[in-house]
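A.B. asks: So the chains spell out like this:
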Amino acid sequence: MKAERSGFLFRSPVIVSLWFALLFLPFKGMKGAALLFVSMVVAIPVLRYAARKARGITLPIEKVREYFPRDRRYLAVLLIPLAALPVLKQDYLLDVAIIAGIYVILALGLNVVVGFTGLLNLGFVAFYAIGAYSYALINTRLGWGFWSVLPISILITTLSGFLLAFPALRLKGDYLAIVTLGFGEIVRLVLNNWDSFTKGPNGISGIAPPSFFGISLDRLSSYYYLVFFFVLLTVFVIRRVRDSKTGRAWIAIREDEVAAAAMGINRMWYKFSSFAFGAFWAGLAGCLFAAKMRFVSPESFTFMESVFILCMVIVGGIGSIPGVIFGAIALVCLPEVLREVQMYRMLALGAGLVFLMIFRPQGLFGGKRVPLGG
Amino acid sequence: MFLLEVRGLSRHFGGVRAVEEVSFSAKSGSILSIIGPNGAGKTTLFNCLTGFTKPTRGSVVLAGKEISGFPSDRITRLGIARTFQNIRLFREMTVRENVMVAQHATIASGLLPAVLRSRRFRDEERDVRERAFEYLELLGIEGDSEKTAGSLSYGVQRRIEIARALATGAALLLLDEPTAGMNPQETEEMMGIIRNLRELGKTVILIEHDMKVVMGISEHIIVLDHGVKIAEGNPEEIKNNNMVIEAYLGKEAY
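Heads up: the protein sequence lines correspond to chains A and B, in order.
Mapping of the first sequence onto my numbering: position 184 corresponds to residue 184, and the numbering continues sequentially without gaps.
Mapping of the second sequence onto my numbering: position 76 corresponds to residue 76, and the numbering continues sequentially without gaps.
Accuracy of the hints is not assured; some may be wrong.
Computed list of lysine to aspartate or glutamate pairs in EDC-like fashion (alpha-carbon distance at most 20 Å, straight line) [to be verified]: (1) Lys54(B) - Glu92(B); (2) Lys54(B) - Glu20(B); (3) Lys147(B) - Glu177(B); (4) Lys65(B) - Glu92(B); (5) Lys147(B) - Glu299(A); (6) Lys147(B) - Asp256(A); (7) Lys54(B) - Glu257(A); (8) Lys239(B) - Asp225(B); (9) Lys212(B) - Glu177(B).
Derived CB-CB ranges, DEER-like [said to hold, decoys possible]: (10) Phe13(B) - Trp194(A): 47 to 53 Å; (11) Arg17(B) - Asn192(A): 54 to 60 Å; (12) Val87(A) - Arg126(B): 41 to 47 Å.
By construction, these hints were calculated from the structure, which means they are not laboratory data.
Yeah, the Cβ is synthetic: ideal placement off N, Cα and C, and Gly gets one too.
Only chain B is shown next, with the shape it has when bound in the complex (with noise of 0.2 Å):
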């Protein structure tokens, strides 16, 4: 079962085509990895899934629903949460505030019954709060709930993130190198916290980098150059795959 099918999605700027007809598809309750070197497209395929560029032409398609060409943040509302390359934290607002934010569209008392208070408002505050800190259980940062979050260190925002990701009850989460800058024991465990996140039934996208965290825990693994998509297959295959190394390393010279 698919839960996210894309087939001939291109995104041209001008002349340059920086994704060009890739198509995949994610199993649901899957982590599939998408790499390729710098420059390869993944960041702006990760923006037209989410809604942040509109791709040239091409569909993408979520739980059997075609959503190219949507807003962000309806995306977002329809189950695809992502997380950013450079952290894109509310620094000025607390952590849990910035999770009690995703879950904005889990609420649905608006404008009156705040200002009223009604029960049911007051019901969905709580549980919004509560909830909040599970999150932060979750990826093992509740004690810093209280502190503003531009204060803290690189590694818990990169954690915050995913939290937030996590709270706005999405199926697939696509994460922008979550392991960018960190040390060899920071990586470690942001592996067994995207393990957590299939356990918990979630479908992960990842960009990444680091060969280990890539062949350690992807089920699938796509691989891009220059817009386009020149493999796919199970870490075994990939890192087999001339085409592969060539991008990687160069063609060898004989």
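One chain only, chain A, in its complex shape (with noise of 0.2 Å):
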């Protein structure tokens, strides 16, 4: 009865409306807190009617995914363009286009421990961190370059997704999503701290840019052209195993995991070996972000960080890889169209989020369930 009540409290228009202008009022004075007030109380209802009648509706997306993903020459049409981007000798486009790509890997390295498997990880920004970190040190440390490094480095991040994995996983829904959380804010904090080993919140500079068959890749294009290349080997790879037996067991365990048990899949081994695989991808991206910044410092990885990459995932459509594509690409770009209203930015993504959520709670692409291969 008093859940009842108190829902009802925070479904009232004029309740909700109260709230917001409170918040907006250290900002905009009464004017303005009152002005908000009033356009909110005619405009809740208004939506509502709107989210009620557009539940029916499909989005013209789901119209463009019905056919375009079958055929693989529109494949190329999207390919094309990306790939002659640095054409256009900009190299603002470039540098976000680079950082779109290193989240695209993030993002759908993260996918495979919440979209396939349904583990909450909330401290996935920890092997991103980890991969940084160790290609930052051993570049400067040993000076090796960034082609030895790399594959180093990432089975330095893959060895500590099973760490982590050792601990979590005897714990579900809530209580692993807090481990998670904790396990990324035990490695900020150690880099944070271990000022003899890593330089502490100082970072550390002066990484090598990777080479490639001894030409250096420092200018932005032939980097832009080295993400490119990783983002696609990740779909790449991530697709083949998803449909393959292990990407089946890691959505038979999300789906039911009792069940999954039942069907001889064993369910320990494959929740590993799913946190793992999901670092593996991190620790590529972690790489390339400390070869393209040259720099890498505890604050690029806060607990902030892990709730970007999870917005990334949760916005495109958990699961599907063309949604967590999507949804990365639009929020490292989003927040630069949106330089033009400056402070309100963050704030105008943040409302973003609320109404995807509210109108579309399976995100842009989700739509469907994952599809598997065959």
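Using the hints, put the two standalone chains together into the complex.
C.D. replies: Pasting the structure below:
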């Protein structure tokens, strides 16, 4: 009875508007808050009505999905402009594209854990950090090049995935989320405080850019192609793994753990492998990030970063590979586009996320179930 | 020749003796039913046999190998598959994918062959897909193979569960109330399916409340009450057993 009453309170447009107006009061003063209050009181019932109407409507995006991924020729339509991007000679554009590419790899890695296996990981950034720092440390201390450090660094990250899985996988749901969150913070704090090894909050600078058969890839366009290649590799490998016995086992665990065990699937092993496989890609992304920035510091690996990556997975549609790619690109590019509205851009982004979750909780591309091979 | 031999199996939850010193054997290629009033310990017994709960004591021998206390996935791979009283499908997957998951242990190719799409991997995947379809045909639900499992009717979902259990390749199938909630016609069809399983050389152990089903298809019946085996025998013997009548209907008052 009590719960229902409070639920009613939260749903009342007047209360919600009042709450938002109060939040806004310190920024825009009495007049602004009052304006917001009035417009929200009007807008909420209208939006609710629209939401009820919209429930049955398929977004144009679903129409696109229906025939788009079937035909591989369409893929070229998408890939050629992307491959030609450096022709524009826009450094800013390339910079954003490189960052977006790194986040696509990260989000696809997290999607393996959260989307396929259904394990909520709130400390994914830890693996990203381990990848970046292991690359930075080996490169600056031993002077090894990109291509020899990359596999070592990915191996270290993958092993750390196993390491976290050990204590974490005895737990389920919310408890697992808390443990992974803790792991993320531990890694960041170690990096921040182990001055003698990681140079603490000052970070590590002077990381060498990668080279390719003696040609240094420090030019933005060549680095863009490097990231582009790794993004394609990530999509290629993750798709193929998903459409195999391993991917099926992960998804089966997400759907019903007990039934999965009854099918002869070793739950522990597949949860372990899911964590490690996800961490693998975070390690790759970490290396690319360190080599791109040529500087790493603990600041880049905060809890907010984990949340940001998780948002990419959710916005695009949990479990869907094109969805997650789209989500990552959108969340990297949107703040750039929204630079126009300056200080409100994070607010606008946040509001956008809230509305997306209200109108389309399954994410932009998540309209259907995760398809398996065949 | 006994496929499964259970000796002195007990499962206690604190002071509650859910299963107490139960012994029985299942002949290879036979249909055996376990009956008993609600709370008699039938499902707990199934859980002990399939590793979902560890028996407090006792032994379970499958084809000469002691398996009590093994984890459930290993028991499945060794040859006992089960269905669940409250259906547990992979609801978001299609029916065919459900049956493909069940063939998990029959696939040898690991990660690397999957990424490289080796010849062996492709052959295996093709076989798995085709076999999935065969199992669905066997249960008469091949028409639903591309539908999402969670969207189908109760009767079809029960059949998917059986197809899935069959697809694990296990020799022994434990079916937990396969006809629960079915109408007489569906029940009749389910009896046909279960007989069919025996034709395929499978050994079946049923938990069942519908006496028509139990008496109609089982060769051997075990009666549990309060965790204890109170009777066993063929359908004729069970029908006329006073202990059984008492457990179901209560003691006659004089």
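A.B. asks: Evaluate each hint against the coordinates.
C.D. replies: Evaluation of the provided hints:
{"no.": "1", "hint": "Lys54(B) - Glu92(B)", "in the structure": "violated (30 Å)"}
{"no.": "2", "hint": "Lys54(B) - Glu20(B)", "in the structure": "holds (13 Å)"}
{"no.": "3", "hint": "Lys147(B) - Glu177(B)", "in the structure": "violated (24 Å)"}
{"no.": "4", "hint": "Lys65(B) - Glu92(B)", "in the structure": "violated (36 Å)"}
{"no.": "5", "hint": "Lys147(B) - Glu299(A)", "in the structure": "violated (48 Å)"}
{"no.": "6", "hint": "Lys147(B) - Asp256(A)", "in the structure": "holds (18 Å)"}
{"no.": "7", "hint": "Lys54(B) - Glu257(A)", "in the structure": "holds (18 Å)"}
{"no.": "8", "hint": "Lys239(B) - Asp225(B)", "in the structure": "holds (16 Å)"}
{"no.": "9", "hint": "Lys212(B) - Glu177(B)", "in the structure": "holds (13 Å)"}
{"no.": "10", "hint": "Phe13(B) - Trp194(A): 47 to 53 Å", "in the structure": "holds (48 Å)"}
{"no.": "11", "hint": "Arg17(B) - Asn192(A): 54 to 60 Å", "in the structure": "holds (56 Å)"}
{"no.": "12", "hint": "Val87(A) - Arg126(B): 41 to 47 Å", "in the structure": "holds (43 Å)"}
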